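Grab the two chains, each in its own frame, and use the hints to assemble them into the complex.
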Amino acid sequence: MSNENQQNQDTTAPAPAAKKKKVATRKTAARPAAKKAAVKRKTTARKKATAAKSSRRSTAQSKRNVVKEASVVIVGAGFAGLGMAIRLRQAGVDDFVLLERAEKVGGTWRDNTYPGAACDIPSHLYSYSFAPNPHWSRHFSGSDEILGYIEHLVKQYGLRDKIHFQQDVTDARFDETKGQWRVDTRQGDVWQGRAVVMAQGPLSNASFPDIEGLSDFKGKRLHSARWDHDYDFSGKRVAVIGTGASAVQIVPELAKTAGILKVFQRTPAWVIPRPDYATPDWNKALFEKLPLTRKAMRQALYWTHETMALAVIWNSPLTRLAERLSLIHLRSQVKDDWMRRQLTPDFRIGCKRVLLSNDYYPALQRDNVDLITWPIARIAENGVRTCDGIEHQFDCIVFATGFDVPKSGTPFPIRGLNGRELGEEWSGGARAYKSVSVAGYPNLFFTFGPNSGPGHNSALVYMEAQLDYAVAGIRRILDHDLKILDVRESVQQRHNRHLQKRLARTNWNSGCKSWYLTEDGYNATMYPGFASQYRRQMARFVDQHYRRVPQTGNA
Amino acid sequence: MANIDLDKMLAKVKSSQWALADIDWDAPGADLITAEQWPKLKAFMADLMWIEHVGARGFAAMAKKAPDDTLKQIYTYFHAEEQRHANAEMALMKRWGMLDGDELPEPNKNLKLVIQWLDKYSDDMPLEVLGSVIPMLEIALDGALCTFLLDTVDDPVCHQAFARINDDESRHLGVGFHVLEMQGRGDLYIKALKTVATVLDPRLILGIASYVPLLNRMRDNVVAMGLSEEKLYACMKKFERIGGRTAQGRRNPWYQIISRHGRMVVNRDNRTYHAPVDLMVRLTDYIPERLMPSRVPTWVKGISYRPTA
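Order-wise, the sequence lines are chains F and L. The opening residue of the first sequence carries number 1 in the numbering used here; numbering runs sequentially from there. The opening residue of the second sequence carries number 1 in the numbering used here; numbering runs sequentially from there.
Worth flagging that the hints you see were computed from the coordinates, not collected in a lab. The structure displayed is predicted, hence computed values, not measured ones. Some hints here could point you the wrong way.
[Unchecked claim] Straight-line alpha carbon distances no greater than 30 Å define the calculated DSBU-like cross-link-like pairs of lysine-lysine that follow:
| id | chain 1 | residue 1 | chain 2 | residue 2 |
| --- | --- | --- | --- | --- |
| 1 | F | Lys-335 | L | Lys-65 |
| 2 | L | Lys-72 | F | Lys-407 |
| 3 | L | Lys-237 | L | Lys-109 |
| 4 | L | Lys-72 | L | Lys-8 |
| 5 | L | Lys-12 | F | Lys-407 |
| 6 | F | Lys-256 | L | Lys-301 |
Isolated chain L (complex conformation) (with noise of 0.2 Å):
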């Protein structure tokens, strides 16, 4: 049983905060990035850090939605410090030369539509939807792409920040699969016409073929990185196995749909999935410039590397 004290959740957060002034910046190590490492390592580091920005919004979202007060904070909580991630992956990304100045790295075009559909429709979106897709998202992207940055990156300060940062995902994690299972608690016909309903929502299908281009664009990425894909797809079924544990996450219709996507994902035989897909990825490449959306929300720059302000 996932089910966790959600104020008891909401104290252990505030007492685990941490600040990127917490953390030498400047401590050796940074040499240990192999010259080979480097032009793959950058490209892959801006994509994560996109990815917890674009995970922050996401909570931000998820905190108008919430049911009652205490889940209201844990998410806006979570927000912060899906933020603080972006700001520690950045500082990560200044430390070894992978930023041009002070800018931000330019997100990819399938990040792009995935911001901009956050920025229009998620704050009108159910939170069945989101307290769905954010542990899928924490789980495959963020989770599983640190794991493997570890497996690859010797440098101590990367170490040492991504202990701190895993040790947030663990509490993302749990209070994710404690909602999937607090929605699966209803009545399972309303939830099945609800999700109908709202998988009609044209908004959300937008959304959709923001996403699921977004999964297989990180999964070249990690293969590009010398990684074994296998790694991803392994932390992708932990989403089916945790969310599954229990009935009434079982009962979660939107459990059911994001794993069974989950489970098309990794299955590289699924033609008729990942041809279509793949197809979209590489299709977003040719959007041209001007067709993509011009204007940058204002919360995308909110992103600093820079530990005091």
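Isolated chain F (complex conformation) (with noise of 0.2 Å):
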């Protein structure tokens, strides 16, 4: 029996009649002493925020100022906050709420429709264990798949009465006197729960770059996150900016439609091979009826990538081994040398992220595409202007730069105890323990948290991981009744001295720029070891890393 399931088995299953029973008594025992301080509370919550709001938004003047309450407030509808809801619901806690601000779920893969985008890790791995699909159509499926996928859960688990959309979370703070978070939206909505997750996303926000007279250009300005599917490319002359995992997908589609595209590149990143394929029909079939099958495949597909962090994570001889496997794939894919050179990445494989792709070479080699590795000067009224004096001039520039990762801040205003801010305190580089609790910020649980990132498997697998602590964690808010559940600053602080060392052994700190890195060369983003590693020390929530005050008592 593998690791993997062994650890599905001891988390993600679903939860044993005995089990069940003692929720439910927790549901009863609990609920009606909670319910009563909440009646309570009510009243004076809703003075209170009908003044702050008033003094704080005008926009939402005229709407009402209802506080509802939940046992957990879910932030955010996309992979993370639905399986959150799904393994809440599994362990028998089912008063939870997801807030969205679109009006869709699925997060990321809701916004990532450009064409030809698709997931880097296969299918297989790339969905979660305890909601397993045997129907992908590919070994790398396209972000409509994965999206549908993502809404089939939303179906299958009866969970779209839990979704409240358009509530834009604007500010999150911590009521130690009652045990409770306040989350107010920008639509005026307050909601109040004993726990939150924070599953917003770490790629949900598009980011531009830093490029002089980005506004000035005056053609059509498209971002590969928010794609406008009603523009025509179709002859036109078109720029991608950004040679990263989004343009690799992007600009073999564009090359066949657009008149003349142009690629701008500032670092080449490594390319590895792309071994994708379309799952026969028997194949799928073999899956569904076994069962097994489709496990076993998960498997092997989990522990090749385990391999691979001895690639890319560490620096080892199978790092150089996959540096040479993708300059094989470079220059059996490239004839012109000068070409090569521009695209050969000058920094060890694994720092940034390594990218998978069989076309994206093959179409910078088309008579209609240029790749430009000039920098860019700045962006005028009728294109881009590059070092080398030239303006090239567009009817349409890609953005393909990726995302504001949050490393250090939040995407909104967090308050813990005695009113401090996590922005403030991450200002130099997002801190958690285990990436899931930060101390000072009671019941609240990261998905996707500091330091949570793979750099070779798939993020799905940390994410079950996580959620599975998180339930542990409001488990124990719930069933014991606690108004405090922090973790000890001298834990993190030892947990995160522990992984600084181990990180600064890693590729990712090994000299070269990324979005893994804070300006300061802090790494706030990945994990250092492999997934089992991780996996292994999510399983185990230590109560005693906890600081714990029950709702009647002291400290």
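See below:
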């Protein structure tokens, strides 16, 4: 039995009967008390909320300020938020809400619909093990199929009624006297919960590069994560700025329709072949009829990716091998030696995200495509001026420049104990305990929190571990009627010292600039280890590491 | 002390960018080129443009070798800026009717050999070699030639373009000398050993064989244009003067080699140097076309006189 399955049994299987019973008892015992308190609080909270809002927001003046309550408030209805909802429900916690700022679920996969959008991790691994899909059409599915899977999760688990759309969270603050989080939305609603789960996603805010004259351009401007499907590219002069994970997927597609396509590159990335194929029908049928075969597939993929850690995370002979394979890929696809030089990375493989593509290099060599490696001086009315003095004129500029990944801040103010504000504390780089909890911010659980990123394996494998860890925490709060469950500062510090020591020896910290690091080179995003190590760490919820204050007593 | 703050320099470089579109290439004044000047100027401009282009390739190689990210970025910008100079010079040639249609002018044979060498070996050369040769090329060929040009050509557009080019070049030189000094800081013994080892590298010997006659060829071209070669020499001496201002700079063995070589170049009485080198220049002219490198690297084709693309 593999590690992964073992752990799935420990943490992800629906709660057995005994557990369910306990949860039921907890529900009946804890809820009335909480409700009583809530009723008492409601009027004062309402007054407070009204006062606070009238000074803060004018747009929401006309709205009512009803405080809505739930045991758990989940921010975001993407992969993380929906996964959290499913795991909570499976653990017997049904009193939760999901606040979604858009009108649809899906997060990153709802937003990224550019031509060619797909996942770099095989679908059988880039899906929840507790919600398997035997019908994936390809080894690497496109964004529409992944979004379909996410929407299917909502249906299958009956989550539709739990999701509140157009609820853009603007503020979250913890009331330590009540042990309640108060969450405000731009729409003027106020939510209260005993626990909050941050599932807003790290790749949710489109990032534009810091280029002079960005707004001077008079033609069409597009961001890869905000695609305009009505815009017709055929015959147009198009620029793609950026050569990261989105760009290598967009470029081959745009090259087919655009009249002229110029790709602006600052730093070439390591590109390796993408072993993609359509899954034959018999195979899908097999996965459906014999779930064991699907599980075996997932296991095989999981362990293949685990071995990649040796090449990607640490500098080892496998790193050299991976670099050599990538260079062979480049040499076999690009004939011109100057272009090969332009496309050869000068940093260690793994330091930045490794890209998978079979058609990016060929696309760059098409007659209608140009690779431009001159630095961009500025954007002008009609196009992009490069430092070789030439103005490249375009009808449309596509920004494939990724996302503002929060490494040193929070998407909205989060206030914890004694008025401390998380954004300020994280200004030098985000720090958490096991990527989920942050000292001073009780009853708050992060998904994709600090140092939770894999460089070699499926983010959803890490996500499952975080979800189950959060469930363990939330159940403690509800089962034991805790006002405060707060990780100890010293424990968090020790954890981070250890993390940073290990990170210093990884390829991510080997000298290149990437979105993994802050401006000062602090790594607040990646987990320095195997997925199996991460999951082992997350499987244990050590009560001694947390300060607990019951609702009725003192610390 | 030529020590400069590289971060500030990078910011300065970024904020000083200009484009061909900033200059009106059709402005009046093109007729100020005399009929007598025209043929010599055409040959001269072609050489100048190619030297800028070759210098650009040198910076591209240096960007790969740069010891830190700031210097790497600076060199990446300088690479583009040298290309911009070549583009601007080609635009001037276009303005003066010196281009055959849209064709790039042919580089002379010495330049062809240098291009070939740069394409094949420059990425393998240590930063010390390129970091010393490039300032010399910049001063002697680029900087000096530009000054001569402005002395003889009255076209205001030419002056406008070269005011910008010289402005860029002053930053290139500032960084060049800074790096020369930086490299002089290491242990002299190790430096000397490394230098000897590098000199023994046959790839470098090939490079020297291309660089040395190029200097003499350019001297001949300058003289052909009716300019005083003394001015070229004065510029070359500037390399020795500025590079040798500080002890660190003087400790750089490559500075020593290049500046000593410069002294030999400017001393016309040194027959032991000039006789064989001049012979090399003449011999290059006799290399049959079929033996010249036939394959033109793609980067050579990147020049354009058009402000927009």
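Cross-check of the supplied hints:
no.: 1; hint: Lys-335/F with Lys-65/L; verdict: holds (24 Å)
no.: 2; hint: Lys-72/L with Lys-407/F; verdict: holds (25 Å)
no.: 3; hint: Lys-237/L with Lys-109/L; verdict: holds (26 Å)
no.: 4; hint: Lys-72/L with Lys-8/L; verdict: holds (14 Å)
no.: 5; hint: Lys-12/L with Lys-407/F; verdict: holds (29 Å)
no.: 6; hint: Lys-256/F with Lys-301/L; verdict: holds (25 Å)
Every hint, counting from the list given before, is met by this structure.
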